[in-house]
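Chains A and B, in that order, are what the protein sequence lines are.
Residues 1367 to 1566 in the numbering used here are what the first sequence lists, from first letter to last.
Residues 1367 to 1566 in the numbering used here are what the second sequence lists, from first letter to last.
Since the hints were made in silico from the structure, they are not lab data.
A couple of the hints might just be wrong.
Chain A is nowhere near these chain B residues, computed Cβ spacing over 12 Å in every case [what the hints assert, rightly or not]:
#1 1510
#2 1516
#3 1562
No farther apart than 27 Å at their CA atoms in a straight line, the calculated lysine-lysine pairs in the DSSO-like style are these [what the hints assert, rightly or not]:
#4 A/1526 - B/1412
#5 A/1460 - B/1380
#6 B/1460 - B/1484
#7 B/1440 - B/1398
#8 B/1460 - B/1443
#9 B/1467 - B/1440
#10 B/1467 - A/1467
#11 A/1534 - B/1526
#12 B/1431 - A/1440
#13 A/1534 - B/1443
#14 A/1380 - A/1526
#15 B/1467 - A/1460
Stretch by stretch, here's where chain B covers chain A in the computed footprint (C-beta under 8 Å, at least three residues) [claimed, not checked]:
#16 1440 to 1447
#17 1453 to 1464
#18 1496 to 1510
#19 1519 to 1532
Treat the numbers as computed from the prediction; the structure is a model and nothing was measured.
Note that CB positions come from ideal geometry on N, CA and C, so glycine has one too.
Here are the chains, one letter per residue:
There are 2 protein chains.
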Amino acid sequence: MKESNLSQQIEGNKELLFRHFEQYIRVSDELKSALDARINFVSFNKGELVHDADKVCTRSLFIQKGLFRTYFIKDGKEISEYFPAENEWSNSPKSFITRQKDMYYIDAIENTEAFCLKVDDLVYLFENFPEMERYSRLSMGTVFGHLMERIASLRFTTAKEKYDHFIKTYQEIHHRIPLGMIASYLGIAQETLSRIRSEK
Amino acid sequence: MKESNLSQQIEGNKELLFRHFEQYIRVSDELKSALDARINFVSFNKGELVHDADKVCTRSLFIQKGLFRTYFIKDGKEISEYFPAENEWSNSPKSFITRQKDMYYIDAIENTEAFCLKVDDLVYLFENFPEMERYSRLSMGTVFGHLMERIASLRFTTAKEKYDHFIKTYQEIHHRIPLGMIASYLGIAQETLSRIRSEK
DNA sequence: AATAGCTTTTGACCTGCGTCAAAAAATCAT
DNA sequence: ATGATTTTTTGACGCAGGTCAAAAGCTATT
């Protein structure tokens, strides 16, 4: 993992992050500079481990370019939980919130550039900018909806329907994710997914 | 549905609700009276429809005593989504947040007493009590965790494992919910659930 | 460009659980 | 209580999709 704070290219791109916040709240100049002072740039190579389940997750990464995989190990196999991509936050949610270890690993499916915000800094922002609480509440609502939809699509559906639903929710991204990881995300055998794909 | 605002028994019981808030935030006297002025008591008979998917969900109910079922219709069948019980909020989440219709119905599995808070009043509280934003963010975090666990337990598990997980998450409540509703919640056939139960 | 190490595909086989149907048990309304 | 309705149980059967095994394709490394 490389770090860097310099470079006008990077400064300029924080706009992307501000724009993300602005989907939910108005971002004042004070908030902007508070964010600016606490967020720094990180990058990962393809295959690199971003977060280890052996550790407490103390930072949240907002992906500017690239793709991660959140996964856990069950019976020695890697089960994909979620694929965080551009303009999304990525962390081990429960670990990040409770400051305890949790089961999730995160690694990079592609070379990835991201903005890093540490828990302690986030806490500072919550304390000093109530609009950040609102941002958090509202953006969680969005994710919430996705989780509920996903739960609905896991029950009472055939493997093919699960895959179709996946294509819909990940339409921009699905071709960047290896088949095996998609299968474990959907809870179906990779052989089955391979067969589903071949008959189209 | 019967309404009422009087009665010392009811006033006294709002303490339950305040205590719930206090798990996440400090509840000042000002907040208490603001809540008190905006929350009123409602009750439902067993089987009664609490929320209709044909309407926008404009209120959130905090259950004091009783049990609801949140469900939707798929291929003419009622599929249980969730069973809100004592000390939990119940609404049609997406509808409540976006003020648009959504697919969920809610009805009462038992005679149920609840506190009712309307969206507009909640918005007022958010505007005037930033700690309510925090409460909302933190309590959503809890629910979030449950949803993720549930997603994990829907994939790669046998019908029996799904049922065992259900018993664990609903340990206080599972015996109050009819078998058929549990089966649709888990995404298994009720015949299968009946067989699982009989071999114990 | 050749070897090693993954990932995906194809084939054969088998079982958990869904579906359909009907009986038994429980709940409700008069 | 008694008949009507709803819910649960039991049985028979079939298939979607899991498992195991091996071949075929890819990717990366020296």
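So which of those numbered hints doesn't the model satisfy? Structure breaks hints 1, 2, 4, 5, 7, 10, 11, 12, 14, 15.
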